[in-house]
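Those sequence lines, one after another, are chains C and U. Numbering (the working numbering) for the first sequence: 1 to 334. Numbering (the working numbering) for the second sequence: 1 to 373.
Accuracy of the hints is not assured; some may be wrong.
To be verified - Keeping only pairs whose Cα atoms sit at most 25 Å apart, straight-line, the calculated SDA-like set for lysine to any residue is:
1. Lys236/C / Ala83/U
2. Lys95/U / Gly241/C
3. Lys17/C / Gln217/C
4. Lys95/U / Thr35/C
5. Lys236/C / Arg31/U
6. Lys147/C / Ile94/C
7. Lys95/U / Ala175/C
8. Lys309/C / Ile94/C
9. Lys95/U / Asp110/U
10. Lys95/U / Gln141/C
11. Lys28/C / Val240/C
12. Lys128/C / Gln138/C
13. Lys17/C / Ala83/U
14. Lys309/C / Pro127/C
15. Lys309/C / Gln217/C
16. Lys236/C / Val145/U
17. Lys95/U / Glu9/C
18. Lys228/C / Gln138/C
19. Lys95/U / Asn2/C
20. Lys95/U / Val15/C
Because the hints were derived from the structure by calculation, they are not lab data.
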Amino acid sequence: MNTNVHLSERHFQSVHKELGQLREALQKVIVGQDTLIDELITAVFAGGHVLIEGMPGLGKTHLVKGLAACISLDLSRIQCTPDLMPADITGSEILVQDEAGQHHLDFRPGPIFAPVVLVDEINRATPKTQAALLESMQERQVTLAGKRYALPQPFWVVATQNPIELEGTYPLPEAQLDRFMFKVQVPYPDDAALLSMIDVSLDDEPADHLSVILAAQQIAQIMDQARKVFVADTVKQAAVGLILATHPERKEAMPASRQHIRYGSSPRGMQALLRSARMHALLQGRAQVAFDDLRSVALPALRHRVLLKMESEMDGVDTDTVLTDIISQCLPAR
Amino acid sequence: MTGLQQSETRALIGAVRDRLWLQCAVDAGSRDVRLAGAVLLIGGLYHLFVHAIHAGPVVALAVLPLVMGLVVVLFRRRPGSAAAARTADIWFDGKNLITSAWELLQRRSDHSSTDELVVARAQAVAAQWRRQLASVQPLRWPQRVTTPLLLALTGLLLLQLPSKEWLTRFKGVENVQIGERTRDATPRDSEHNMEGQPSQTLVAARADQDALTAMASASLHSQDAAATATPQQASEGGEQTEGTQGQHPANKTKGAALSAMPPENASSAAAAAGGKQPGNQGDIRVNRDIRIEAPPLAVSEVEIQRAAGTRGNASNGNELGDIQGPRAQASSDAAIVPAARHAETAYRGDYTPGLRAYMARYFLELNTRVSQP
């Protein structure tokens, strides 16, 4: 083994160890949600934004606060309401007077200018406000009065929404949903997790006691390392096949797609699939992407990118059920 | 990327490839052996019951798809290296390590440190996995080959058996050969057959059995006086006659002759007439065919008449086997006379011309042999 390989091996081991520590720290904050934690780490270190959907009180906000505490990044929180304006997010120019008595407009950045932005209950914001997030999330910049303001690196938007309280809400349009790399769902914890939760967080807030595990430089290294994970041609072909299989009009479409799906995943979904698969492989300590990685990230990466037929929705067909069927048929067996 | 790394990974992929190839050949062979078994069985049944066929073409027909299938597998269905690499990952749960390493080895461009790491990791596990190949993924032998193999063996066995048509033809040829043999037989053999087993000579003459039985009855009637001369001896002769009921009338004639013998000679003669002589079983088979294929004897009616009138001047009792001495000669005469008379009667009787001619020839020859010195 030559020197480069040796160094690379050590670097991979180091990254894997750091990610393991981060995972363990978050598992102390959110008990019994290992899959949720893995998906959150995968998405954010792959450079994507995450939409967390779950019932109130399951620890969504808590998880994001814990993540921000562990990685020593500033966390900015936006509580969305119907009267929230775009300028409340992006910031605005205000008229200020300098020492010479001259008046000029000065830009006051909004809460979007933070590495980690927690947008709580995003579906309660109006479409106009939601649209203000579009450019920020995709372009990683804010344009105001003809001026562009770059957002910090890394820049992660973690939004939450409540799936049941739909009155007075504005469901996110498909274009904005597509900006999120993952849409993760928070399942209800089992009895063992609830018992552990009593011991951990009955009288205390575990997120307040988290220590910094990853510095900004380490985060950049991890994200850079994730981009170097090798993706074999067979894995790429499998990802393409999976994306095409969600399109009912394509010849590669699966029977479930033709029966239930109205619109399939976008190419951005394929990019999200492979980027998150690379990060998932790194999280598992591998230097190459496996089909298992695709299988693990396919559901959160695609569930918000396919649109079911009206008839299927009225029949109570779940997007996850359809996608699980397609994934099991498209991706090779172990 | 060292040559050793490449060689280890390539060796594993090559081993998996050969293993897949072999499995493919085994699967193809197990599939074709069913067809071969069916062909052999059908060929064997056809050979046995319909028409005789040689085993060679049937075996060739059965083996041909087997060989062709294997040839196709050997030359057309060899798995590719990429498929072998993917299979290795599946078998050893390699998480695409071998597949990724194989693709990196195929690329000629510069590799990053991560790429080299992938190849190095693959090399580290390739040698171990290659050693574990036989245990992790043993060759899957087909489960349902026993029945096709048994069918094939049964078909081969049936092909080795003589067919029905062949048996019939063979029987005809055998009869002709036996007929020729009988024609060329020495007088000694003829005497033996005629004297040793006169009753068994016509055992298989089923077509004429009823006629022969009637003839025997007539012969017995003609010997009533002799049979009643010595009741005890006649009893012995009667038993012999009963034991050979339905057989040749000559046997009964001999029984009647025995009844005229003294007791000491009659017992030995009865033993001789009862088939105690060696070679009797073989004579049964031969003589059965004599009825069918026996060459016609050149016997004229004049000779038959003369034989019927001859009282027999045979002086050598040795020709009768156990009957010896003057008393034996007398008994042989007693045996000949009713036979000749019976032949004469039969000739003039109501029997079919063929049966009459045959009986005439038979008794003529019998008398001739007995009367010869």
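Hints versus structure:
Of the supplied pair hints, the one linking lysine 236/C and alanine 83/U holds, its CA atoms being roughly 16 Å apart against a limit of 25 Å. The straight-line distance between the Cα atoms of lysine 95/U and glycine 241/C is roughly 19 Å, inside the 25 Å bound, and the hint therefore holds. Only pairs whose Cα atoms come within 25 Å are accepted, and lysine 17/C paired with glutamine 217/C is accepted, the gap being roughly 16 Å. A threshold of 25 Å between alpha carbons decides the hint, and for lysine 95/U with threonine 35/C the separation of about 20 Å falls inside it, so the pair holds.
Annotation: proposed proximity of lysine 236/C to arginine 31/U is violated, straight-line Cα distance about 36 Å (limit 25 Å). Simply put, lysine 147/C and isoleucine 94/C have alpha-carbon atoms about 14 Å apart, close enough for the 25 Å limit, and the pair holds. Distance restraint check for lysine 95/U and alanine 175/C: the Cα-Cα separation of roughly 34 Å exceeds the 25 Å cut-off, and the hinted pair is therefore not satisfied. For the hint pairing lysine 309/C with isoleucine 94/C, the CA-to-CA distance comes to about 47 Å; that exceeds 25 Å, so the pair is violated.
This hinted pair checks out: lysine 95/U and aspartate 110/U have alpha carbons roughly 23 Å apart, not beyond 25 Å. Of the pairs offered as hints, the one joining lysine 95/U and glutamine 141/C is violated, with about 38 Å between alpha carbons and a cut-off of 25 Å exceeded. Using a Cα cut-off of 25 Å, the hinted pair lysine 28/C and valine 240/C is violated, with the two alpha carbons roughly 37 Å apart. At most 25 Å may separate the alpha-carbon atoms for a hinted pair to count; lysine 128/C and glutamine 138/C meet this at roughly 16 Å.
About 33 Å separates the Cα atoms of lysine 17/C and alanine 83/U, which puts this hinted pair outside 25 Å; it is violated. In summary, the hint linking lysine 309/C to proline 127/C is supported, as the alpha carbons are separated by about 23 Å, within the 25 Å threshold. Our distance criterion of 25 Å between C-alpha atoms is broken by lysine 309/C and glutamine 217/C, whose separation comes to about 45 Å. Distance hint between lysine 236/C and valine 145/U is unfulfilled; the C-alpha atoms sit about 41 Å from each other, more than 25 Å.
The suggested pairing of lysine 95/U with glutamate 9/C holds, with an alpha-carbon distance near 17 Å, which does not exceed 25 Å. Restraint check for lysine 228/C and glutamine 138/C: satisfied, since their Cα atoms lie roughly 22 Å apart, inside the 25 Å limit. Straight-line distance between C-alpha atoms of lysine 95/U and asparagine 2/C comes to about 24 Å, which keeps the hinted pair within the 25 Å bound. For the hint pairing lysine 95/U with valine 15/C, the CA-to-CA distance comes to about 19 Å; that is within 25 Å, so the pair holds.
Of the hints listed earlier, those the structure fails to meet are numbers 5, 7, 8, 10, 11, 13, 15, 16, in rising order.
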